Amino acid sequence: MIETRGLRKSFRSRAGRETKTVEAVRGVDLDVTAGEIFGFLGPNGAGKTTTLRMLATLIEPDGGEATIAGADLLKDPGEVRRRIGYVAQGGSTWDESTAREELVLHARMYGIAKAEAHRRAARALEAFQLTEFADRKCKTYSGGQRRRVEIALGIIHEPKIVFLDEPTTGLDPQSRAHMWDEIRRLRTDGMTVFITTHYLDEADALCDRIAIMDHGEVVAEGTPTDLKREISGDVVQVGLDLAATGEAAKLLDGEEYVNRLEVLEEGGLRLFVDEGATAIPRILRRIDGAGLDLKSIELHRPSLDDVFLTKTGRSLRES
Amino acid sequence: MKLARDTWLIFQRQLHLLLRNPVWVFVGVFQPVMYLLLFAPLLKPALNAPTQAEAYKIFVPGLLVLLAIFGGLFQGFGLIAELRAGVIERSRVTPVSRLALLLGRSLRDVVSLMAQAVIITLLALLFDLRVFIGDLLLAYLMLALIALMTSAVSYGVALKVKSEDALAPLMNTVAQPVLLLSGILLPLAFAPGWLQGVAKWNPFSWAVEGTRALFNGDISNDRVWQGLTIITVLAAAGVYWAARQFARSVR
Ligand SMILES: Nc1ncnc2c1ncn2[C@@H]1O[C@H](COP(=O)(O)OP(=O)(O)O)[C@@H](O)[C@H]1O
Ligand SMILES: [Mg+2]
Chain S
1 MIETRGLRKS FRSRAGRETK TVEAVRGVDL DVTAGEIFGF LGPNGAGKTT
51 TLRMLATLIE PDGGEATIAG ADLLKDPGEV RRRIGYVAQG GSTWDESTAR
101 EELVLHARMY GIAKAEAHRR AARALEAFQL TEFADRKCKT YSGGQRRRVE
151 IALGIIHEPK IVFLDEPTTG LDPQSRAHMW DEIRRLRTDG MTVFITTHYL
201 DEADALCDRI AIMDHGEVVA EGTPTDLKRE ISGDVVQVGL DLAATGEAAK
251 LLDGEEYVNR LEVLEEGGLR LFVDEGATAI PRILRRIDGA GLDLKSIELH
301 RPSLDDVFLT KTGRSLRES
Chain G
1001 MKLARDTWLI FQRQLHLLLR NPVWVFVGVF QPVMYLLLFA PLLKPALNAP
1051 TQAEAYKIFV PGLLVLLAIF GGLFQGFGLI AELRAGVIER SRVTPVSRLA
1101 LLLGRSLRDV VSLMAQAVII TLLALLFDLR VFIGDLLLAY LMLALIALMT
1151 SAVSYGVALK VKSEDALAPL MNTVAQPVLL LSGILLPLAF APGWLQGVAK
1201 WNPFSWAVEG TRALFNGDIS NDRVWQGLTI ITVLAAAGVY WAARQFARSV
1251 R
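Protein chains in written order, with the numbering used here: chain S, 1 to 319; chain G, 1001 to 1251.
Among the clues, some could well be false.
[To be verified] Straight-line distance between alpha carbons at most 27 Å, and here's what the computed DSS-like set of lysine-lysine pairs gives:
#1 S:20 - G:1160
#2 S:250 - S:295
#3 S:139 - G:1162
#4 G:1002 - S:114
#5 G:1162 - S:137
#6 S:160 - G:1002
#7 S:311 - S:250
#8 G:1002 - S:75
None of these hints come from the bench; they were simulated from the model. Bear in mind the structure is a predicted one, so any value in this text is a computation, not a measurement.
For reference, chain S alone in the conformation it holds in the complex (with noise of 0.2 Å):
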């Protein structure tokens, strides 16, 4: 449904008197199968955002190719806007209009008539459950009453993909369960659904497959289990003092069945070892032994978070 190659972008920033050239995009390879929710995850700068502008055809590649729903993103880029819905992250709605006034323009924007925009507009507003305050003007709405609005206009004109840029960002816990459900009918519809995320449990709940993203590339792609699957073993959380983390990790570091040892911040380890059901009381009787206090231990499955860890070296939560 989506097949991009080689796809690159650069932006040149002023910054003062320099010229700075940042590498958004360099060079993203994807396939996005029809009927899927697929997810884009990484860090704030990624380059997600730019990476959805220029499949939307709002920007032009420096580079690479693309083919959407059966059109070339460069050599049709009119037919692509037909084929595709957007919702940008930073919203698309105007304050002094009401959403059934952008429901019908948006329509009437791809060339439907304007019997049939009302038509649209009308069960749109019934789907997303807008009704109740479709004609008041887009200001008085919540956060996540203007987000339903703008996803009912990104498919307004019935696309074959939508893509949804963080469309759960800055909603409360509610409203974003709600999103969730939303995303899911639009699957459920028939339509490719490609949204990018910082969430590693919208990304995990969600997504049927995702791609990873980080400084402009795609470090790992799959479904979110084979991808935690990638990571043998387990993982074991060590809690631990800030001034007992240095120590600890360097007694445990040398140890043969730590395949891998990451710091937290806040103090503690992270400790990657083939089972953890073994490797629990040697982990105790070191830490125990150096008489030093250890305030918690947990083990888990590896998590997305763990996935992009052993692929970057930093943690999305901290980044």
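Knowing the structure of chain S, use the given hints to seat chain G with the ligands on it.
For chain G with the ligands alone, coordinates are given in the frame of chain S:
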């Protein structure tokens, strides 16, 4: 066909939003009305005009051109607000014509200028200004073209600079000399030779002289067709350039 349809669509939307808050039309007309009421009466003695009506014939066309220039030049601020709200980006992901995104907005500005011009003209009629309707309509055409050009340029610049802080000083530094060198407030006939020479390079001074000739019933004056031609060419160039900014604006 698609262009006409899309332009109409954007025009309707913008006009609708304007009419929801029509106070702006009146705010826009407030300052020129003040000039008309409080400044124009000084002109009869100052210009040595035989009657008050003669003075108005010189002053009102200048005032209207001034309104058209400034009304247009400051439309960019509204666009920056739309840019910030994401409305422009949202429009640009649809197949809507890029030229229509500009024309729909600029035509709304032309219509709102026309409403203001009519208010000013009606008020001036109360002060014994008399113009033939044919001449007046041609003068309105000149004003419409000026507003089309200045609003298009303002939108184009707004898309380039993307911030109010950059747009305001830019528009002011452009507008001030243009204004002073166009003989808008007083005819350049009073100016020393060097000033007249400089003003010859200001397209608006041709437009002002053309409009004055029309208000004077002097439709065969060369300045009329010259002014109209110059402004038409510039308006077309401005629209073309600004529409390109809509097609490729980045964030
Ligand atoms: N229009 C632009 N001009 C200059 N730099 C930009 C522009 N857009 C994005 N960038 C830079 O490109 C990088 C990637 O940004 P972005 O794609 O927005 O990341 P993300 O959406 O993953 O947070 C960042 O360093 C950002 O500052
Ligand atoms: Mg982003």
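Going through the hints against the structure:
1. S:20 - G:1160: At roughly 19 Å apart (the allowed maximum being 27 Å), residue 1160 of chain G and residue 20 of chain S satisfy the hint.
2. S:250 - S:295: Measuring from Cα to Cα gives roughly 18 Å; hence the hint holds.
3. S:139 - G:1162: holds, 22 Å
4. G:1002 - S:114: With a Cα-Cα distance of about 14 Å, the restraint between residue 1002 of chain G and residue 114 of chain S holds, given a limit of 27 Å.
5. G:1162 - S:137: With a Cα-Cα distance of about 25 Å, the restraint between residue 1162 of chain G and residue 137 of chain S holds, given a limit of 27 Å.
6. S:160 - G:1002: holds, 23 Å
7. S:311 - S:250: holds, 23 Å
8. G:1002 - S:75: holds, 21 Å
Comparing the model with each earlier hint shows no violations; every hint is respected.
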